[in-house]
Structures are given as C-alpha cells and as structure tokens.
Amino acid sequence: MATRGQDIVSLIKRQIEEFGGDLALVDVGTVVQVGDGVASIQGLQGVRSNELLDFGNDVLGLALNLESDIVGAAILGDPNSVKEGQRVRSTGRIIEVPVGDALIGRVVDPLGRPLDGKGPVATTSTRSVEKVAPNVVSRQSVDQPVQTGIKAVDAMIPIGRGQRELIIGDRSTGKTAIALDTIINQKGGDLICIYVAIGQKQGKVAQVVGSLEAAGAMEHTIVVTAGAADSAPMQYIAPYAGCAMAEEFMAEGKDVLIVYDDLTKHAWAYRQMSLLLRRPAGREAYPGDIFYLHSRLLERSARLDEASGGGSITALPIIETQAGDVSAYIPTNVISITDGQIYLEPELFNSGIRPAVNVGLSVSRVGGAAQTRAIRKVAGQLRLALAQYRELATFAQFGTADLDAATRAQLARGQLATEVLKQGQYVPLSLGSEVVVLFTVNEGLMEDVEIEKVGAFQDQLLRYISGTHPDILAAIEETKDISDELSANLTKAINDFKPTFTG
Amino acid sequence: MAKQLSGQRYAQAIFDLALENNQVEQWGEDLAVVAEAFQDADFTALMKHADMSAVNKLAATATVLAGVDVMVRNLVDLLVSKNSVDAIKGVHSGYTELLDRHLGRQRVEITTAVPLEAAETERINAFVTGLVRRDVVLTTKVDESILGGLVIQIGDRLLDGSTKARLDGLRNRLHTEIAASA
Numbered sequence: 011m012a013t014r015g016q017d018i019v020s021l022i023k024r025q026i027e028e029f030g031g032d033l034a035l036v037d038v039g040t041v042v043q044v045g046d047g048v049a050s051i052q053g054l055q056g057v058r059s060n061e062l063l064d065f066g067n068d069v070l071g072l073a074l075n076l077e078s079d080i081v082g083a084a085i086l087g088d089p090n091s092v093k094e095g096q097r098v099r100s101t102g103r104i105i106e107v108p109v110g111d112a113l114i115g116r117v118v119d120p121l122g123r124p125l126d127g128k129g130p131v132a133t134t135s136t137r138s139v140e141k142v143a144p145n146v147v148s149r150q151s152v153d154q155p156v157q158t159g160i161k162a163v164d165a166m167i168p169i170g171r172g173q174r175e176l177i178i179g180d181r182s183t184g185k186t187a188i189a190l191d192t193i194i195n196q197k198g199g200d201l202i203c204i205y206v207a208i209g210q211k212q213g214k215v216a217q218v219v220g221s222l223e224a225a226g227a228m229e230h231t232i233v234v235t236a237g238a239a240d241s242a243p244m245q246y247i248a249p250y251a252g253c254a255m256a257e258e259f260m261a262e263g264k265d266v267l268i269v270y271d272d273l274t275k276h277a278w279a280y281r282q283m284s285l286l287l288r289r290p291a292g293r294e295a296y297p298g299d300i301f302y303l304h305s306r307l308l309e310r311s312a313r314l315d316e317a318s319g320g321g322s323i324t325a326l327p328i329i330e331t332q333a334g335d336v337s338a339y340i341p342t343n344v345i346s347i348t349d350g351q352i353y354l355e356p357e358l359f360n361s362g363i364r365p366a367v368n369v370g371l372s373v374s375r376v377g378g379a380a381q382t383r384a385i386r387k388v389a390g391q392l393r394l395a396l397a398q399y400r401e402l403a404t405f406a407q408f409g410t411a412d413l414d415a416a417t418r419a420q421l422a423r424g425q426l427a428t429e430v431l432k433q434g435q436y437v438p439l440s441l442g443s444e445v446v447v448l449f450t451v452n453e454g455l456m457e458d459v460e461i462e463k464v465g466a467f468q469d470q471l472l473r474y475i476s477g478t479h480p481d482i483l484a485a486i487e488e489t490k491d492i493s494d495e496l497s498a499n500l501t502k503a504i505n506d507f508k509p510t511f512t513g
Numbered sequence: 052m053a054k055q056l057s058g059q060r061y062a063q064a065i066f067d068l069a070l071e072n073n074q075v076e077q078w079g080e081d082l083a084v085v086a087e088a089f090q091d092a093d094f095t096a097l098m099k100h101a102d103m104s105a106v107n108k109l110a111a112t113a114t115v116l117a118g119v120d121v122m123v124r125n126l127v128d129l130l131v132s133k134n135s136v137d138a139i140k141g142v143h144s145g146y147t148e149l150l151d152r153h154l155g156r157q158r159v160e161i162t163t164a165v166p167l168e169a170a171e172t173e174r175i176n177a178f179v180t181g182l183v184r185r186d187v188v189l190t191t192k193v194d195e196s197i198l199g200g201l202v203i204q205i206g207d208r209l210l211d212g213s214t215k216a217r218l219d220g221l222r223n224r225l226h227t228e229i230a231a232s233a
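Top line first, the protein sequences correspond to chains Z and W.
Read in order, the letters of the first sequence correspond to residues 11 to 513 in our numbering.
Read in order, the letters of the second sequence correspond to residues 52 to 233 in our numbering.
Chain W on its own, in the form it takes in the complex:
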C-alpha cells in the first residue's frame, strides 16, 4: 500500500516538472519506456541486488535508458538509489492518469470475445465519446471467456454487456425465483 502511494507522489512531482519544462507528452512516452524496461524481472532483480554497487546500477540504467530524457532518467536513478524500484509501475500509472486529466482525455478499455473490425471500433468510439464527453483513448482487448457481447471500462466504471454477465444474472435470478416459488 505504501509503495503504491509513494508512486503517486513521485508521479505528481515528475508531472509538475514536466509541466514546467513543457514536456508532458514526451516524458509520458519516456516513462512508458522505463516501465517496460522494469517489466523485465531480471533487470528489476539486478537493480534491487544488494551485491551490485550503486555506481554500477546507475551505469546500467544509463545504458538501458539511453534514449530517455535526462530528467526522467534522474527520477529512475533516484528510485534505484533509494532501493524503491517497485514504485516505478505506480509512477507510470499515476503519471498517465495525471496526463490524461491534463489533456482532458479518458482512457477506455473495450473487451470483446472476438477481434473487432475497424468500422465497429469506430462506432463504439463514437458511442463512448458521446457517453463521457471527452477525448477517448480506446484500447481493445480480446477475451474469449466473456463468450459474446461487449465490456466497456471507463476509468473506474464498468459497463458490462457481456453474454457471460447476462448468463450469470439469469442463473442467479432463476435460483432465487425458483427458491421463492418453492
């Protein structure tokens, strides 16, 4: 819980710096690169390793994150030297959230059982834009376990129109109503 929270704080700090430097979108992309690098379990383990000296760790980040803005790399180095690389994931998600709010964007995730065609995605995009009245960043995901229909997640809100949810609802209602009529 504490790691998650400190991630938020670091995200706020780096975002403020980005605003001052007028680099919000560029740094956002850089942070995505950083987060991806730290997805690698071996790399993260190396960065956490007690036997590796801080100098060597910083040299390693400099090599791996060569293309990243120096401020963003400073943040990474700070976290590495404080031995809290676990917070990086939280920094990235926190930063993305702040960036979205700053640009008036809304992230929306669509889950379907089969891949969507372009025209369908377009129609859904128009529908969701009408719903949230903001610029929509649409990501799509395919999950066969929902059987059919569509699940739309807008931030913390979920619109579940999947066949699986309807079947579950049907089963629950039948259970209760049959029990009640018995």
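Here chain Z stands alone, though its shape is the one from the complex:
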C-alpha cells in the first residue's frame, strides 16, 4: 500500500510540474437547436465526421451530419442537460473506446466506462470505434471450431472461428440462452467472449451477468451494455465499441467470440437517430444505409492469416423476429450478411424441444470445414434423420399402425434424435461428452431405450463413462477424433453400462 501511495505522489508531482503546459486551438460552436437527443450546432468549422464533441458537464456528443454551416450531432448521455445557445467544443478525437486485458471480467458502457461498481478500468490504450474490416489478403478460411457445448448446434450447425452465425427467432425462444451457453462453455478455454447488450432491459442484463458470474464465465468475458433507457446514440455505437474491443485481442493473435444481443434493437436505435437527424427514410422508415450499418459491423469478424497474427473474431448476432416473419427487412438483411443462421421456433420451444432449433431452416455455410473429426464421424446421419422425421411426423399424428416397417423405423430414429438433442440451459457439454452421446445414437445403441427415459439414460451414461473410463473422454478431447480402437472401447463401455441403467 505504501508503494502505491508513493506511486501516486510521484505521479501528482510530475503532473504539477507539467501543469497547463499544453495549450491548443480547438473548434467551438453554438447549439442552435436541441431535442430528442439530437443537437444542431452552428460553427465547428474544422470538425470531422464521427468526432467526439464536448458539451461540458461530462456530456459528450457525436458529430454525424456535417452540413455547410450546421453540424448535426447525437448526444451521448443525458440530452436534457444540453441547452440552446450552449457552447460546444470539438475534442479532436474520433470516437474511441479503451481496450485491453483490463476490460475482461468487467461490465462497461459503450464508451468503456465501468458500470459494475468495481472501480475504474485500468486500460492504457484506446481504439477507434469505427474501423474498416480486414481486407481479403490478410484473411484465411475458417477451419477451427467454436465448441458451443450445445449438442444440436455442434452436431448439425457447426460454428467456426471467424464465422458470423445469426441466431434468429421470436421473442422468448431461447436466443440469448444459446449465446450464453456458448460463452459458459468457453470456461477454461482460449476464447475471450464479449457480450454486447443493445436496448435490453437492465433487469435482463443483470440476470445475464448474474448467470455468467454463477457459472464462473465472467473471468473470460466482457459485457458491453447500452440499455433500453440509454439514449439511441449509445445503443447505436454499442456493437461497434464491442467490436473494437474484440479487434484489439484479434490483433494480438487471440480468438474472440462476440455476441450482439440484439441487432433488431440496434436497427431501431439507428432509425430513431436518422429520422431525428432528418435523413431521408426508406422501407419501414429505416434510412438508406441500414444494410451498410450491419454489413460493416459483421464484416469486421474475420479469421486473420498467420502473417497477420492468426487471431479471429467469431460473431453471434441475434435478431428477434415478429411472429416468425423472417422475410421482414432487418432479418433478411442480416441473414444475407451472415454465414448461416440458427433458426429458433416458438412451436418447438413450447412443445418442450429445447433448444428449439428448426433443423430444416438452420444452416452453417462455412462451419462444416471447422467441425472436429470426432463429431463429424458421429453426427453424419443426424441431420438427415431429423429432416425426414419432421416431414413424416405430420402424418404420424393420425396413428402409425398402418405404416410400413421402414417408415416406422424412420419415425423412431427421428424421435430418438429429437429426444437426444434436448438439452437444459447452463449445462453445455464438453466435446468428449457430446461425442459419447452422439456415438451412442449413431451406433444404434440407444434404440432399445424408451423415449421417455432417453434424458436419464444420457445423464447416467455420461456419469458412468466419466467415472469408470475417464481415459476415453480424455482421448477424444486430445485427438479430437475417434480411432477404430477408441470406437471399440467406447462400444464396450456403453454395453457394459446398459444393464446397470435403472431408468
């Protein structure tokens, strides 16, 4: 403590010696109109686009519309404290956020100011919020997996590092749950996670932070939040700020996972700002550059080649649809930007199939190359079985007695697959456990288990394997593959377990 006190004293001494040494000309302007979080400012001749403006009293602004003699600025902070006739100073800083390791484990606002009451964030460097995405030369293709720990996703919709995978669905269909489980599953791994909450209820953000803390996942996670009560400009810059924090890690050669929850509200915030800044409105009153708004954000997710450090940003943007309408403006935009989507359905969710992934509509356009060999070997037939099952299930409602044996077998396989892929929240599985479960299904070793008991069978099987054959799990985690020998050992272990299953 004494040394720290000394440090601060010497710091203050140096500050006093250099006191008032720097004096610079700054641009000033006068607020001529203010309202709804947007100010028109006269003057500010030399101001640049996206430059931070200082309204005084710790209120900052963002210069957005530069016209011949008026500057349109969004107010970041309390808009009620800005008055007409007030003087505004330019800061010379293009909007930037603090970045670095010190942010990990913290909850911050889009300007990097702490919100968790754990004191100031000890960062030393900053990074521009808006940045052009890495160009094509410095990228390489996606070939390493992000293990989500969710059986349905890892088996059928694999996500690779550097991919953009959209999570889309109606309200309360488990979109955030998938993202959270993925973050929790990175515990002890090498993936840094950033959760960006845009326009969310503060209560929900607190709940998210709480469950991440409970799962011990805050140790590798940054939460950036601009809540529903924050001004639209704050919500607008939140994902870019989160992305800038991610880019710092990527530049250091690390792998980052970033969740944007959700981009629908981000588009709403941008629409509000644009309309107030009197930019022309287009379809659904969104401005003309609404596509670019999201494309430039998601384009910043990348996997860099070795020469550029080999880091990556994997993005999981979330879109909330209204009554399952994926052909609305924002959903179609983001679907076309991303490399695939996980489509969640309320019907599935309500019938108890959770995660409520619609297998037919969910795809991963690049993740297949990144899937681990072990999972690829055991999950091959799963997708097909489920797709065929969903078709047949409609007929099967009227009874299966008249159906031929082949169809009945198909139905049974589909039912089993559906049951196996059910998974609770906050219990992501390790790679080894996932492979064991999927292996059991793939080899037909679960076909004699009653459908109602599949969940219990899985739990007991995993407990048995990790208790008596930890070497098998270790070997799968180690080699990420299933050799013939391992396959035989695993089959034997499962057959040994089956008589002990109590049901």
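Please note that the accuracy of each hint is not assured.
What the hints assert, rightly or not - Here are the simulated DSS-like cross-link-like pairs (lysine-lysine), alpha carbons at most 30 Å apart as the crow flies:
no., chain 1, residue 1, chain 2, residue 2
1, Z, Lys490, Z, Lys387
2, Z, Lys387, Z, Lys264
3, Z, Lys490, Z, Lys264
4, Z, Lys214, Z, Lys197
5, Z, Lys141, Z, Lys211
6, W, Lys192, W, Lys133
7, W, Lys192, W, Lys215
8, Z, Lys387, Z, Lys197
9, Z, Lys432, Z, Lys214
10, Z, Lys508, Z, Lys490
11, Z, Lys264, Z, Lys141
12, Z, Lys93, W, Lys140
13, W, Lys133, Z, Lys93
14, Z, Lys211, Z, Lys197
15, Z, Lys463, W, Lys140
16, Z, Lys93, W, Lys99
17, W, Lys215, Z, Lys93
18, W, Lys215, Z, Lys23
Stated by the list, open to error - Examples of chain Z residues toward chain W, derived with CB under 7 Å:
no., residue
19, Glu27
20, Leu35
21, Val36
22, Val38
23, Gly53
24, Gln55
25, Leu496
26, Asn499
Everything labelled a hint here was simulated from the structure, so no lab data went into it.
C-beta: ideal position from N, C-alpha, C; glycine also.
Position chain W relative to chain Z; hints supplied.
Chain W in isolation, oriented as in the chain Z frame:
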C-alpha cells in the same frame, strides 16, 4: 434550423444592397439597433401577435426604428409582414459576419476572471493581431467561473488558457493515470 438559414439568406441580400448603396458600415449599425429593439420580448411578442393588423405593426416599427435607414426598415417590415421576426437575430449575426469578412476584420472575444487593465488589453490585442494577421475587433468579457488565466475565442476557434480548463485536464489525467497504474 430553417429560421437560422433564412436569416443567412436575408443577411446576404441586405448586404448586397448595402454594397450597391455604399452604406455597409452605416447599415451594420442600423441592424444592431434593430436587433436590440427585437431583443425586447414584449416588442417581439407584439410584432408576432395575430390580433394586431399588419398596418399597425408597420406603424409601430416606423416609430421605434425612426432613425434607421429606410432600406433596413423595409427589411424589418418585410420580415414582420412575413411573420418571421425570429430571423432578425440571424440576419444581424450573418450581416456582421459578412461585414467583417468584407473589411478584413476578425472578431475576437477575450474572457478573463478579473477585468483587464488597458495595458493588458493592448498587449493581448497585439498578440492576437499577430496570430490572425488581420484587423482585430476585441471584445472583453468577465467570467469568474474560469478562475484565472485567459480564454481567447477567434471566430469558431477557441484558445483555452483558463485555470479551470487546466485543472480539468489535470483531474482527467490523474484519473486515467492512477487507474492505469492500479
């Protein structure tokens, strides 16, 4: 925003007329008188009042602005009859700007915590003239909240040498550096 812009347009128009009539400085002073008259909230409210007929409004401006050049009064009457008296402030500031540019002048506002003595003002004047290389029209303002030092505003540019700004800077730097060293 629209009011502000139209003020600029009117200012440009009246300035062009002033140039043609060779009266730029005289009309500038007249416009200052007009702007001062319209500073009065009651007068402005009267000029905007719907129940007062246009004839009466024009009679009122003729009385109040008796000493003002007829062209300038015509402008005021035009604005009054168009019910856009709010633009007058913008016309005045726009005109002043145009006049300054025409005469090669630069308006500079000095803010200090205590009133300046003549010799000090002279020294600052010389300093600022050297800085902008133009004729300087100096106005001084006293604002105790800056604590000490000097704030020089040259048009849209501000040179902040006030003690308050330095203290703020010191506080910010200490905050960030102490946070960084923690």
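Going through the hints against the structure:
Simply put, lysine 490/Z and lysine 387/Z have alpha-carbon atoms about 11 Å apart, close enough for the 30 Å limit, and the pair holds. The suggested pairing of lysine 387/Z with lysine 264/Z holds, with an alpha-carbon distance near 29 Å, which does not exceed 30 Å. Between lysine 490/Z and lysine 264/Z the alpha-carbon distance is near 21 Å, which keeps this suggested pair within the 30 Å criterion. Among the hinted pairs, lysine 214/Z with lysine 197/Z is consistent with the structure: their alpha-carbon atoms are about 22 Å apart, no more than 30 Å.
About 28 Å separates the Cα atoms of lysine 141/Z and lysine 211/Z, which keeps this hinted pair within 30 Å; it holds. Of the pairs offered as hints, the one joining lysine 192/W and lysine 133/W is violated, with about 36 Å between alpha carbons and a cut-off of 30 Å exceeded. Straight-line distance between C-alpha atoms of lysine 192/W and lysine 215/W comes to about 16 Å, which keeps the hinted pair within the 30 Å bound. Taken as a hint, the lysine 387/Z and lysine 197/Z pair is honoured in the structure, with Cα atoms around 25 Å apart against an allowance of 30 Å.
A distance of roughly 24 Å separates the Cα atoms of lysine 432/Z and lysine 214/Z; the hinted pair therefore holds under the 30 Å criterion. About 25 Å separates the Cα atoms of lysine 508/Z and lysine 490/Z, which keeps this hinted pair within 30 Å; it holds. Taking the CA atoms of lysine 264/Z and lysine 141/Z, the gap is about 19 Å. The hint holds against a cut of 30 Å. For the hint linking lysine 93/Z to lysine 140/W, the alpha-carbon distance of about 18 Å falls within 30 Å, and the restraint holds.
Between lysine 133/W and lysine 93/Z, the direct Cα distance comes to roughly 28 Å. Compliance with the 30 Å bound is thereby established for this hinted pair. The straight-line distance between the Cα atoms of lysine 211/Z and lysine 197/Z is roughly 26 Å, inside the 30 Å bound, and the hint therefore holds. Distance hint between lysine 463/Z and lysine 140/W is unfulfilled; the C-alpha atoms sit about 82 Å from each other, more than 30 Å. With a CA separation close to 24 Å, the supplied pair lysine 93/Z and lysine 99/W stays within the 30 Å bound.
For the given pair, lysine 215/W sits about 21 Å from lysine 93/Z by alpha-carbon distance, which is consistent with the 30 Å threshold. This hinted pair checks out: lysine 215/W and lysine 23/Z have alpha carbons roughly 19 Å apart, not beyond 30 Å. Taking 7 Å as the C-beta cut-off, the interface hint given for glutamate 27/Z is violated, the closest approach to chain W being about 11 Å. Of the supplied interface hints, the one on leucine 35/Z holds, with its beta-carbon coming within about 5 Å of a beta-carbon of chain W, less than 7 Å.
For valine 36/Z, the interface hint holds, since its Cβ comes within 7 Å of a Cβ in chain W; the closest pair sits about 5 Å apart. The interface hint given for valine 38/Z is met, as the beta carbon of that residue sits about 4 Å from the closest beta carbon of chain W, less than 7 Å. At about 4 Å, the closest approach between the beta carbon of glycine 53/Z and any beta carbon in chain W falls short of 7 Å, and the interface hint on this residue holds. A cut of 7 Å between beta carbons decides the hint on glutamine 55/Z: the least distance to chain W is about 5 Å, and the hint holds.
At its closest, the beta carbon of leucine 496/Z sits 50 Å from a beta carbon of chain W; the interface hint therefore is violated under the 7 Å criterion. Taking 7 Å as the C-beta cut-off, the interface hint given for asparagine 499/Z is violated, the closest approach to chain W being about 52 Å.
When the structure is compared with the earlier hints, violations turn up for hints 6, 15, 19, 25 and 26 and for no others.
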